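J.: Line order of the protein sequences matches chains F and L. Under this note's numbering, the first residue of the first sequence carries the number 2, and numbering increases by one thereafter. Under this note's numbering, the first residue of the second sequence carries the number 2, and numbering increases by one thereafter.
In case anyone wonders, no lab produced these hints; they're calculated from the structure. Mixed in with the good hints, there may be bad ones.
Pairs involving identical chains hold if they fit within one copy or between any two copies, as the list cannot separate such chains.
For lysine-lysine, the following DSS-like pairs were computed, each having C-alpha atoms within a straight-line distance of at most 25 Å [said to hold, decoys possible]:
#, residue 1, residue 2
1, 19, 194
2, 27, 198
3, 145, 157
4, 21, 187
5, 145, 14
This structure is a prediction, so every number in the text was calculated from the model and none was measured.
Spelled out from the first residue to the last, the chains are:
Protein chains: 2
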Amino acid sequence: MAKTVEEKNASHKRSMEKQKTKVDAKIEEASTERGILLLLTGNGKGKSSSGFGMVMRALGYQQKVGVVQFIKGVQLSGEELFIRDKHPEVDFYQMGTGFTWDTQDRTSDIEAAERTWKEAARMLADETINLVLLDEMTYMLAYKYLDEEIILSALKHRPYEQSVVVTGRGGGSKLIELADTVSEVKEVKHCFKAGVKARKGVDF
Amino acid sequence: MAKTVEEKNASHKRSMEKQKTKVDAKIEEASTERGILLLLTGNGKGKSSSGFGMVMRALGYQQKVGVVQFIKGVQLSGEELFIRDKHPEVDFYQMGTGFTWDTQDRTSDIEAAERTWKEAARMLADETINLVLLDEMTYMLAYKYLDEEIILSALKHRPYEQSVVVTGRGGGSKLIELADTVSEVKEVKHCFKAGVKARKGVDF
Chain F
2 MAKTVEEKNA SHKRSMEKQK TKVDAKIEEA STERGILLLL TGNGKGKSSS GFGMVMRALG
62 YQQKVGVVQF IKGVQLSGEE LFIRDKHPEV DFYQMGTGFT WDTQDRTSDI EAAERTWKEA
122 ARMLADETIN LVLLDEMTYM LAYKYLDEEI ILSALKHRPY EQSVVVTGRG GGSKLIELAD
182 TVSEVKEVKH CFKAGVKARK GVDF
Chain L
2 MAKTVEEKNA SHKRSMEKQK TKVDAKIEEA STERGILLLL TGNGKGKSSS GFGMVMRALG
62 YQQKVGVVQF IKGVQLSGEE LFIRDKHPEV DFYQMGTGFT WDTQDRTSDI EAAERTWKEA
122 ARMLADETIN LVLLDEMTYM LAYKYLDEEI ILSALKHRPY EQSVVVTGRG GGSKLIELAD
182 TVSEVKEVKH CFKAGVKARK GVDF
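Let the hints inform the model, and build the full structure from the sequences given.
T.: Shown next as structure tokens:
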């Protein structure tokens, strides 16, 4: 026999009461207040944009934000225009060399990576900065352009209240272990493969 | 025998040349210019923030953006503050009822969902809007608060140049099929489970 609307409503209320008790207990348990290290990895679309969404959240609370973009910066991007034109209060640095397959020059890539890392290290030592986004930094580790131990140590010894978001495919087991929260963005499908061009305001 | 730096550099250059040829060919193939439908689903952290990162990109190009937040709006959030205080040019609407386990009232939830959907439908019919973010809309489908066919039809018949981002767990096979790009954000680990409190500027 099909449920009446009243029965549906009552069963909905019971199940929601149960869920609320569970959620409230979890919130109660979570009591440590400190900055977190978040890693957004995987092969799917949405990692960098997720980092920039957190930048938006932090700016909403008038927090101080630092952004370092590894790799990107040859092609113009919406996030770059937005931060430069509308939010110059963000401490913003771009490596600006493009992808490794654009430069095809390992020596200059390493120099650029090291120059860029200096800016990241400065931010990771600045306790006035609430949130640091290290966009696409994992590639610097994957290509061994930067020393993993130096990076992990800087992340570990950052100010207690500072949160950091690292994006990019891979990242390595040590970074995953150090991170408080790790999300893997998996590609289920991507329109690029169906011949649809990358699009302003969504893809870049 | 270990490679010399010169050998490493030369082999790097060869491999990058090969990769560039591949990437360029793919870019060449992708020729269709149109708005896309992007679904960000899965149980991991970063879906809504990814949608807001795309809002940031679109604003960087002076595009017109619409945002509808299903569920959220009882608790204050960084993205809400940011858009309301700094970017009132965004067409922004919040359902404002909180989670289903907070309201525990199916009838009023459905009314709120329908009222909120009207705003979404208006945006999906407005060709002056370049990007529409339907944040956490999948839950309206999962709870059957909204009619799936009506939603799919509105998405399908939206302006050709308009891009739409839908976020939230699940979404259903029909929405996945309709979407051009689908990313599944998987939780690898979450600090909440280790007792770390949700944090301003990162989590909300």
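J.: With reference to the structure, classify each hint as holding or not holding.
T.: Verification of the supplied hints:
For the homomeric pair residue 19 and residue 194, the shortest alpha-carbon distance between copies (19 Å) is at most 25 Å, but the shortest distance inside one copy (44 Å) is not. Taking the closest pair of Cα atoms, residue 27 and residue 198 come within 25 Å of each other only across two copies (10 Å); inside a single copy the shortest separation is 43 Å, beyond that limit. When the C-alpha separation of residue 145 and residue 157 is checked against a cutoff of 25 Å, the pair qualifies only within one copy, where the shortest distance is 19 Å, while the shortest distance between copies is 45 Å. Taking CA atoms no more than 25 Å apart as the test, residue 21 paired with residue 187 passes between copies only; the shortest distance there is 23 Å, against 30 Å inside one copy.
For the homomeric pair residue 145 and residue 14, the shortest alpha-carbon distance between copies (15 Å) is at most 25 Å, but the shortest distance inside one copy (54 Å) is not.
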